[in-house]
Amino acid sequence: MTINDDSMEICCPPCKAACPILTDAREYIQLIAERKYEEAFVSIRKLNPLPRVCGRICTHPCEAACKRGQVEEPIAIAALKRFASDGPWAGRYKGVLPDKRTGHKVAVVGSGPAGLAAAQDLALLGHDVTIFEALPFLGGMLRVGVPGYRLPKDVLDEEIQAILDLGIEVETGVRIGEETKLANLFEQGYKAIFMGIGAHKDRKLGVPGEDEVEGVVSAVFFLRQVNQGENIEVGNKVAVIGGGNTAVDSARSARRLGAKDVHMIYRRTSEQMPAAKEEVEEASHEGVQISYLTSPVEILGNAGGRVSALKCIKNELGEPDASGRRSPKSVSGSEFTLDVDMVIAAIGQAPDSSLVAEEVGVTEKRKQIIVDGPYTLVTTQPGVFAGGDAVTGPATVVEAISAGKRAAIAMDLYLRGEPLPTTGAPKTHETVILPRPIIDRTQPFARSKKVSIPVNQRLKGFGEVDLVLSEGAATKEALRCLHCYLGAKVDSEKCVSCLTCVRVCPLDIPTTSKMGEITIDPVACQACGVCALECPVRAIDISLACRSDIARDIEDGIHMAQRSGLVIVGFFDLHGNFGSSHVKSLKQDHPNIVPVMVFGLRRVDTSDVLKAFESGADGVFLAACPPDADPFPQEADRVKRRVSHARSLLEALGIDGGRLEIIDMPAEGLLEKQSVAELIQRMGNSGQARSA
Amino acid sequence: MTKGCGRLLVLGCETCAAMSFAGGQRQVAELASAIRLGRKTSGDEGEVVEDAIARQCEPEFVDLIEDEVSECDAILSLACGAGVQLLAERFPDKVVLPGCNTTFLGVTEALGVWSERCAGCGNCILDKTAGLCPIARCSKQLLNGPCGGSMNGKCEISKDVDCVWQMIIDRLTRLGRLEMLEEIFPVKDWTPAGHGGPRKMIREDLKS
Chain L
0 MTINDDSMEI
10 CCPPCKAACP
20 ILTDAREYIQ
30 LIAERKYEEA
40 FVSIRKLNPL
50 PRVCGRICTH
60 PCEAACKRGQ
70 VEEPIAIAAL
80 KRFASDGPWA
90 GRYKGVLPDK
100 RTGHKVAVVG
110 SGPAGLAAAQ
120 DLALLGHDVT
130 IFEALPFLGG
140 MLRVGVPGYR
150 LPKDVLDEEI
160 QAILDLGIEV
170 ETGVRIGEET
180 KLANLFEQGY
190 KAIFMGIGAH
200 KDRKLGVPGE
210 DEVEGVVSAV
220 FFLRQVNQGE
230 NIEVGNKVAV
240 IGGGNTAVDS
250 ARSARRLGAK
260 DVHMIYRRTS
270 EQMPAAKEEV
280 EEASHEGVQI
290 SYLTSPVEIL
300 GNAGGRVSAL
310 KCIKNELGEP
320 DASGRRSPKS
330 VSGSEFTLDV
340 DMVIAAIGQA
350 PDSSLVAEEV
360 GVTEKRKQII
370 VDGPYTLVTT
380 QPGVFAGGDA
390 VTGPATVVEA
400 ISAGKRAAIA
410 MDLYLRGEPL
420 PTTGAPKTHE
430 TVILPRPIID
440 RTQPFARSKK
450 VSIPVNQRLK
460 GFGEVDLVLS
470 EGAATKEALR
480 CLHCYLGAKV
490 DSEKCVSCLT
500 CVRVCPLDIP
510 TTSKMGEITI
520 DPVACQACGV
530 CALECPVRAI
540 DISLACRSDI
550 ARDIEDGIHM
560 AQRSGLVIVG
570 FFDLHGNFGS
580 SHVKSLKQDH
590 PNIVPVMVFG
600 LRRVDTSDVL
610 KAFESGADGV
620 FLAACPPDAD
630 PFPQEADRVK
640 RRVSHARSLL
650 EALGIDGGRL
660 EIIDMPAEGL
670 LEKQSVAELI
680 QRMGNSGQAR
690 SA
Chain W
0 MTKGCGRLLV
10 LGCETCAAMS
20 FAGGQRQVAE
30 LASAIRLGRK
40 TSGDEGEVVE
50 DAIARQCEPE
60 FVDLIEDEVS
70 ECDAILSLAC
80 GAGVQLLAER
90 FPDKVVLPGC
100 NTTFLGVTEA
110 LGVWSERCAG
120 CGNCILDKTA
130 GLCPIARCSK
140 QLLNGPCGGS
150 MNGKCEISKD
160 VDCVWQMIID
170 RLTRLGRLEM
180 LEEIFPVKDW
190 TPAGHGGPRK
200 MIREDLKS
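Residue numbers (numbering that gives the first Met the number 0), protein chains in the order written: chain L, 0 to 691; chain W, 0 to 207.
Worth flagging that the hints you see were computed from the coordinates, not collected in a lab.
Computed from the model, here is a short list of chain L residues facing chain W with C-beta under 8 Å:
1. Ser496
2. Val503
3. Thr511
4. Met514
5. Arg640
Glycine residues also receive a C-beta, built at the ideal position from the N, C-alpha and C atoms.
Go ahead and model the full structure; you've got the sequences and the hints to work with.
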C-alpha cells in the first residue's frame, strides 16, 4: 500500500512511475497477456479501490509515459484496466481485514474518490471508519460531476459497495461545518478526520449580465441536476464557457438533453485546452462546436429577462502567465455576438470550504484547504487531514485516490502515536528515450481500436458510450507491452565473454568491451528471452517468464495429466489468437495434453523438450502463432533448426523423431479440432517412446 | 621481424595466450618495452603501442580495435595462429606478424609447467584408453599397444617421457577394464585430424 518515494525502484517501469498511486501496470498487463484475468484484477484492486472508474475516466498519465508510444502508440493501459475490472471474475475479490482492530474511530468527510480511498485503506488497517457525506448519495464528483455516458451509475454503485463491504459506516445528508463541526466529531470520539470535500463551487465568469439574466448556470449545478436525473430545461442554443473536462461534460450532456446548437467557448488554443483529448474528440463527433481563442464579454437578455445572446471577443496569445501557458489577450475590434438561450459557466471550480474555514486554514484566493506536505497532509488543525481537489483545486480521480491513500498512511501513524512520514517533494521521472535503431527493428503492431456506440445512438440518452475491449482485443493489446526493465541481465561472474548474446539478439542490443564485458541496455531490451536461452553458461537471467518457469510448468503439468492414453506436452505461443475459454476446453476435452504457455516458441530450449520426454511425455509439439502476430518473426527459422537438432538427439536415443513436431495454431483457438486427433494418432504410430 | 615496420601495435590476447603467459597484457608490456629498447639502439623508427583484446579469434573483438589499427603500420600479434590469421584477414592492408609459436593443447601441471595432452585429431578414443591419449602422447602415435621400445614405463625417445601405453594398461587394469584392449583399432582415418585438408565445423541450429 505504500506510495512514498522508497517504493520507487531504481528500474521502475515508466507506467508505474507516472502513476500517482504507483500502479504496477506492467504486472497486470503481463497477467492479461498470460490469460490470467482474475490475477490481473487482484493486482489492480489491491492498490486501487476504484478500478472500474479509473478504467473509464482516468487521464492515464501512464499512457503518456509508456515506452511503446515511441514505437507507434502507447499501450491502452486504461482500457486494459477496464477489461480486467469489468470481468465476471472481479466479483470474487474480497478485501482482507486484519484480525486485530485498533479500536480507533476515524471520520472521513466527503465520499468522492479521495474520501473513498482513505476510508478503504483506513478500514484495511483495522480502524473503525465512518464516512460523512453532505449529499444524499455517495461518490462525490464521480456521482454528480461525471455523466453516466462516461461512468454508468450502477458501475459506481458496485465499486462503492465493495468498499463499504469492509464494514465502513456511512452517514449521508450530513454537511460537516453546518450543525456538526470538526470539533464535534472529536467530541463524538473520532480520533482523526480526513477532509475530502472536493471542489464543488464554480467560479463566476465575472462578466456583466451573469447574475442579472436568467438561464446562466454553473456547470457543477447543471451537471448535478443531470446526474441526479432531474428534469432540467436545456435551451436550444447553449454556450458552455470553459475548456476543461467539466466544460466538455456539460456540452455533451446538453446535446443529450436536446440542445441543437452547443457551442464551447474557450479563451486559449486547442493545444492548451486542459480537457482530455479523447473527450474533446468525442464532443466534436457529437456535434459540439468549439470556438478557440474566444472569451465572453457580456451576457445579454431579452425583454423577459431570459438570456438571448452572448457577446464574445477573439483573443491572441501574449506572454506566459503563472501556469506557464501564454496568456490570452483580447483583440480589440473583434467582438461578435452569439445567439444563445442558455449559458453554462465551466471555467473552474473551487472547494466549498467556507463552512470549515473557521476550523482549518484555507488559502485566501482559491479557498483550498492548507496542508503541510504531500506525505503528511495535516491541516492547521492537529488530527485533521485533507487531500484531493479540496487541497489542490480541481485535479484528477487518480490524484484524489493517491491523496486518500497517503492520508490513510499518515493518519494510521498518527493514531498509533508514531512520527509521520517525512515531507519531501515527490521525485519526477523522466521518460527514457528508446534508441532509434531499436525502434526501427521493433515489429509494429497497431493499438487496439476504441469501440464506441455510433453517435446517432448516443444522443438519445446517457447510456455508456465506450464499450469494454473484447478478450481477443485485450490480449492482443497486452502482448504489445515492451516489458520495461524485465529484460536480460548478465551475471558477470558466470559470463565467459563468448559473445553469443551479442550475436543472437534480434534487436542487436548487447555490446562487448574489448575485454569481453557484456552490457545489455535495460532500457532497450524487450525481454524476448533469446539470449537467456542461448547463453552456453546460463549466465543470463531474464525477469519476464524466467527459464525455470517452463521446467516447472512441464513437470507440474505432466504430474497432473491423465495417463490413460498418450501424454503429450504442447508448447503454445501466447501470441496465438486464443482466450481463456479455449485453454479450459483443451484441458477438459484433452486431459492427456499438457499445455505449457510461453511468450514465444523462441523461449523453448532443446533441454525443455528433452525434459518433457524425461518427465514422462510420449510426444511433444510446439504450436506456432500466426506469423503476423509474432513480435520476433525472424526467430521462427531458428526455432525450426533447434527442433531439428532436438529431433536428431531423440533419434540417437532411439526415440522416433515423429514424436516431436512443430505445428501451426489455427486462426482462432489453440488447436484445430481435427488436428488434435490426427496429431495423437501420428505420435501414437511413431516408433517406441522409450529407448531399449 | 619487426624491423622497418614503422608504427607497431603489439596486440595481446587475454584468453589462452594470457593463460600460457605468452601473450596477455603483461607479456605485451614486456615485449613492447623490449622492442622499444631494441629500436633505440638500432635506430629503427616508429612508435610501439600496446593493447589487448579478450580473444583475437572472434570478429566482434577484432572490430573494436579497427580505429587503432588504422593508425598503425604493422601489428605484432601475441595470439595463437588462429588469432594472427583473423587479424590478417580483417586488416589485409597491414603487416601482421606472429609473436608466438603456437604449439599444443595441454594442461597446467603447475604454475609455469604445461604439457601436451590433445592433438586435435577429431575422433576421440579416450573412452577406450582410460582417458590417456596415444595420439598426443605416444611418440609413434600407435593405437594398439606399446612398441618394443617401452622400458620401465618410459618411452624410448627419452627417460623424461612416460610411455603412455604403459599408463593405459596400468589404468585399464586398475579400472577392471583391460579387456577393452582386445578391440583392435583399424588403420586410422586421419581426415578428421586435418590430414584431408583444412577443417570447418558448422552447427546449423546455432547459426543466426
